[in-house]
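Residue numbers (this note's numbering), protein chains in the order written: chain A, 64 to 564; chain B, 276 to 603; chain C, 1070 to 1405.
It cannot be assumed that every hint is accurate.
Cβ-Cβ distance ranges computed for the label pairs, FRET-style [as the list claims (entries may be wrong)]: (1) B:309 / A:211: 44 to 54 Å; (2) A:211 / B:545: 19 to 29 Å; (3) B:310 / A:208: 27 to 37 Å; (4) C:1357 / B:575: 29 to 39 Å; (5) C:1230 / B:568: 46 to 56 Å; (6) A:374 / B:546: 17 to 27 Å; (7) C:1213 / A:386: 56 to 66 Å; (8) C:1079 / A:207: 39 to 49 Å; (9) A:383 / B:491: 37 to 47 Å; (10) C:1165 / B:294: 50 to 60 Å; (11) A:186 / B:421: 52 to 62 Å; (12) B:547 / A:543: 31 to 41 Å; (13) A:374 / B:448: 51 to 61 Å; (14) B:376 / C:1272: 55 to 65 Å.
For the record, the hints were derived by calculation from the structure and aren't laboratory data. Virtual Cβ for every residue (Gly too), placed ideally from N, Cα, C.
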Amino acid sequence: MSADIMLEIKELNKYFGPTHANKDISFTIKKGEIKGLIGENGSGKSTLISQIAGLYASDSGTMLLNGEPYSPSSPVDANNHAISIVMQELGVIGSLPAGVNVFLGRTKQFTKNGIVNLKSLNKAAAEQFKKWDLPYVPLNKLTDGMMIETRKIIELARALSVEPQLLLLDEITQSLSMNNRNKLYELINKLKSMGRSVIVISHDVEELIHITDSITVLRDGEVVGDVISNDTSADDIKRMMVGREISGDYYRDDMKPEYGDDVVVSVRNLTVPGEIEDVSFDVHESEILGFCGLSDSGIHTVGKAVYGLLKPSGGQVYLNSKELVIKKASKALRNNMAYVPKDRDNEALMIHASIHDNFNLPSLTELQGSIGYLSPGKLKKLALEMTNKLSVKCTDIYQTMDALSGGNKQKVNLGRWLAKDIKLLILDCPTRGVDVGVKAYIYSLIKEAKKNGTATILISDELTEVLGMSDRLIVMKDGRVNDVIHRDEDFTEQSVIKVMI
Amino acid sequence: MQTLKSKQNPPQEKNQNQAIFALILIAVIIIAAIVFNIITGGEFLDSTNIVIVLSHIVWPTFVAWGFCFLFACGYTDLSIGAIIVLGSFATTIFGNWLGYPGVILGGIFVGTLLTFLNFNVFAFTKIPSWIAGISLAMIYEALAVFLKVNKTTEALIYVEMDKSLRLLGKLPWSVIVLAIGLVCAYIVYNRTSVGLNIRALGGNKEVSKALGINITKTLLMVGLISGLFIGLASVIQQSIAGRTLVKTGLTSINMMFHPLAIVLLAQVLQKRLNIIIAVPICSIIIYAIFNLLTLVRVPSGTLQEAFLGAFLIAFGIIGQRGSKGVVK
Amino acid sequence: MMKMKKIRISLQDVVPFAAFIIIFSFFAITSKGSVLSAFNLSILLDQSVMTIIVGCGALFVVAQGSIDLSVGVNLAFTSVVATWAANAAGDWLLIPVALIVGTLVGAFTGTVVSRFKVPSFMVTIAMLIGMRGIVNYIQSFISTQAIPESMMILSEPYVKYPAFLLIIIVLAYVFEFTKVGKYCKAIGENETTARFVGVPVTFMKIVAFAICGLTVGLGSLFSLSSNGGTSQQIGLFFEMKVAMAIFFGGVLVTGGTSAKLYKVLLGSFSITIIVNGLNHIGLSQTQYSQSIQGILLLLILGVTILASKKSRKSAQLPDEAEAIDEQAEEKTAHLK
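Isolated chain A (complex conformation) (with noise of 0.2 Å):
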C-alpha cells in the first residue's frame, strides 16, 4: 500500500434493523486530501462519518488507518488515533464556560493535586484559537446563550485541540457567516499544507467543489461516484446525487398550478421571535403549497406556529371557513386542521403505545358518543380500517409502535389524520428517513388528498420533493418569505437555490 494513504475504507456496512444504511462503502483518503462527501438526506454520509469517528461500530468490513486496521470503539478511542470530528448537531454543554468546553473530558492533563487550573486550561484553549486563527471566543463565559456560529466555533476548536490528523466536518459552513465560512476555509487548507485530511459532508455543491480535491458522492447508502473536484462540475455532482430518473407518477406529472378559489388558511404578518418574521401567505382549496430554505430559514417552524404550536409575537392564523383565529393546537385539532411534525419517534408517535391507541389519538373527538363514550369497539374499527387501508406492516394494531420499520411508522403518522375530514394538512418534512417505495405511497395520498379537496403546506428539507409536488413554493430565507414561484414559472432547483441562499 501507498505510503501517502491517510485512511482506507473497505466495504464498510451498517444496518440500523431491516435499514441498510451503508452498502460496501469503500474509499481512501490520502494524507493531505481535503474530501467532499455529499448525497441527498438519508444517502447515508452522516453515518459513514459516524463509522470513521467511532459514534458507530460497523457492521462488517475494515477501515486501514495509515495501513493499520482501525476499529474505533468510542470517539474518545477515534481521537487517541487522532480523528475528530466536528457533528452537525451535538452542541456544547451551556451551563459550562467555553474554555472548559474546548477541553471536556480531557481536564485530566491541567490537573495539579486534583485541582483543574482553570488558568492554564483557558491558556491552553487561546493558544487552539490562535493557532487555527479562529474568532475571538469569551473562554470565562458560559456557552449558555452564545450564538449557534459562536457555538460551533467552540466544537471546531475542541475537534482541533486533538491535533487530528483527519478531521471530519458534518455540515457546519451552514451555520457560519460568510467571513467566517471563509475562515474555515483557509483553516482547512492550512491543514491541507501541514499534511492533514478532511473530510467535509456539505449540502452546498459549489462550495464542495470550491474546498475540496475530490468528492464521493453517495446514493441510497452506496458510493455512486468519485472524482477529482477539479474535472467535475456541479450538474455533474447533482445528476450522480439524484441518479435516478424522477419518474412521472413519483411525483405531479403537470406542470401547471391547480387549485381551487377559496382561501382555507389566511396567515398574516406571523412573528415568532428569533425564528420566524411577518411570515404572510394564503393556502388554497385543493393546493399544496411547499416550503422551502436553508436549515435556519425557519420554514419548520411556520408548520408549527400555523398549528398553534408556538406563541407568536405578532401576527395571526386565520381559519377563513369558520372565522376563527387559530391561537391553540387544541383549537387547530377542533377545526379540523392537521400536522405532522418532521421528527417521528419524538414529536409524532407515542413510540411505546399500539398502533390502535396512535391512529385513534387526534379522532378521539369525532369518535365521541352521549357523554363522552368512546366505545371500544369504535376505536377497535377505526384502527383495523385504517391499518388496512394503508396496508401497514404488523402482528396486530395491539402491536407497539416502536416494533414498525420507519416507513410504516410514518404511515401511521400521516394516514390517523386521513381518517379525519381534513381542511388544511401541515406537512414536515413527510418523506424523512423511509425507502423509496413508501415515499411513492406518501406521494399518492397528498396527491388523493388534493383531490379530496385538502389544502396542503408541504414544508420539506428535500428540494426535488416540494418541486416535484408543489403548486406553489415559497423560498424562505432567515426567518422571511424571500420569494414566491408558481409552478408554470421558473420551477427547477438551480432558480430555487439562487433565492434560497
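Since the structure of chain A is already known, use the hints to place chains B and C on it.
Quick look at chains B and C alone, frame taken from chain A:
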C-alpha cells in the same frame, strides 16, 4: 439568521459582576436586618440572636451544598433527611465511644456510605430518583428505629451526645467549618475534573458521553461528594442539637425543606452568582426570615411551615421561569 | 393479518398479579390462615376503600407521568375545613365543602405544575409541609374535631358501599372510556406528541389534579364518617399508601398506557394486605412495616421497569431502522 438568533441572550459580563453582585446582596441583607431589628424592637440584632442564627445556618448550608451536586447532574434524593438522622446517630455513638475522631468520622462515614449506596440504586436500577429516594427514606427511617439507643423509653426516642463533644456546634468553630466547607465545595464544583464532569452530565448526557465521560462513574462520584457534605452536615447538626429524634412516616423529609428552600433560592440567583457562594448567603436570608417570624410570634409548627411551603413553591416557579421542556 | 380476538399478556401485566398472589399467600401461610378469616377479609375491604378511591383519582395524575404526594395532607385539610364548616354553618355543608375544597386544592397543584412547569413531586412535597402547617394552625383554634351527629349516616353500610361502588364505576368510566382518560395516558406516553397532536396539555393536567383532589374530598367523607371526625394524625403517610397502591398494581412511574384502573384495585389490596398481614404475624411496629414496605416498593418498581424494558426490547430490534442519516440529530433531540 445568525443576526436573528443573536438578539435573544446577549452574554453577560458575569465574572466581573459576580463580586459586585455578592456585595450588593450582602448590603441588602444588612439593611433588611436593620429593618427587621426595628420591627422586633432590637431583638433581631441582639447578640444572642445573631449567635443563634449563625450557628443554625451551618448544617443546612452543608446539606444545600450536597444538593447542589445532586441537582447539577439532574438527580433528586429524598432520603437525605433520613440519612442525616442516621448520620447523627453515628456521630453520637462513635463520639461517645471514641471522642472527637468518632464524632467527625462516624457521621461522615455513615452519611457518605448511604448517599453513595443511593446513587448505586439510582445508577443501576433506572428507577426515577425521587421515588427510589422515598423508598430508601422509608428503609432508613425504619433502620433508625431499630437502632434507637434509648430502648427503655419508647415514647421519646433519641440519643444524646456528651456535652464535651459538641464544640463543632459552637460559634467560632461552626463558622470555621462553614468557611472550610465553602472553599472545598467551591473548588470541587468549579475546579476539579469530576466537578466539571458532573455539571457536563447534567447539561447534556449525550455530549458528555461522546466526549468520553464515564456516566456511571461520574454518578457514583456525585454520591460520594454529596455524601461527604451530608455526612458533615449530620455531624454539625448533632453537635448543635445534641440529640436526634427518630422520624418515621417520611417525616424525615421535613428536615430537607430548609436546605431545599436554600438551594432553590440559590438557583434563582445562579445567573448572577456562583451557586456554591450563593448557598450560604441564601441560608442566612432564609434563616433570618424564619427567625424574624419567630420573633414576631408567628407560631412555629403551623404558620411558619405554611410560609416555608409557600416559599418552596414560589422559588420553584421563579426558577422554572421560561423553561420550555417537558416537566412531570 | 388481523385476528379478531387475541389475548395479549405482556410481562408487565403479569407482575402485579404475581406480586398480589405472592403477598397474599405469604401472609395466608405465615399467619396460619388468620388473614383469610371472613371477619378479617371484611376488614381488609374496609381498609382498602379509602386507598382505592383516592388511588383511582391519583391514577389520572400518575397516568400523565406526574405524581401527587399531597393527597394525605389534602385529606387532612379538606376534613378539617369541612368539619369546621359543618359545625359552624349547618350539617349538610360537610359534603359540598369537602368536595369543593379537595378539588380546589388539586386544581391549584395542577396549575402550578402545568403552567409554571415545576416538577410535580417538588410542588406536592412543598404542599405537604405548607398545608400541614395550615391544618395544624386551624386545629389549634377550632373547638371540636367531631363531625355533626347527623352526618354519621355516611358510614352506614347501605350508604357507604353503594356510594363506593358508584364512585369506582364513574371513575373507571371516565378513565377507560372517555377522552379525558385517553388524553391523560397520551400525555404520559409522550407529552410532546400529545401537544403536537392538539391535546390541551396544560388544561388536562389541571383536570387530572382536580379529579385527584375531588376523590380526596370523597375520601375525606368516608374517613370522617368512619372515624367520627378529624384528629392530629389524619392523612399522615396516606400519600405513600396511595402511591404504593398504584405502583404495586404495576403502573409505571412514567404513566402512559401502563396505567389501568384495575391495577389500582389490585395494588390497593396488596398494600392493605401487607399492612394488615404484618399485624397478624406480629410485625406491626413501624420499623418492620416501614422497612418492608420500602424494600417492596423498590423491588416492585425495579421489576416493573425491567419487565417493561424487556417486553419492549424484544420488539425494539427493527426500531433502530429509524436512524439513517439524522441519527446524531435525533440523539440530541431525545435529551432536550
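Hints versus structure:
| no. | hint | verdict |
| --- | --- | --- |
| 1 | B:309 / A:211: 44 to 54 Å | holds, 48 Å |
| 2 | A:211 / B:545: 19 to 29 Å | holds, 23 Å |
| 3 | B:310 / A:208: 27 to 37 Å | holds, 35 Å |
| 4 | C:1357 / B:575: 29 to 39 Å | holds, 32 Å |
| 5 | C:1230 / B:568: 46 to 56 Å | holds, 47 Å |
| 6 | A:374 / B:546: 17 to 27 Å | holds, 23 Å |
| 7 | C:1213 / A:386: 56 to 66 Å | holds, 59 Å |
| 8 | C:1079 / A:207: 39 to 49 Å | holds, 42 Å |
| 9 | A:383 / B:491: 37 to 47 Å | violated, 57 Å |
| 10 | C:1165 / B:294: 50 to 60 Å | holds, 58 Å |
| 11 | A:186 / B:421: 52 to 62 Å | holds, 56 Å |
| 12 | B:547 / A:543: 31 to 41 Å | holds, 36 Å |
| 13 | A:374 / B:448: 51 to 61 Å | holds, 54 Å |
| 14 | B:376 / C:1272: 55 to 65 Å | holds, 59 Å |
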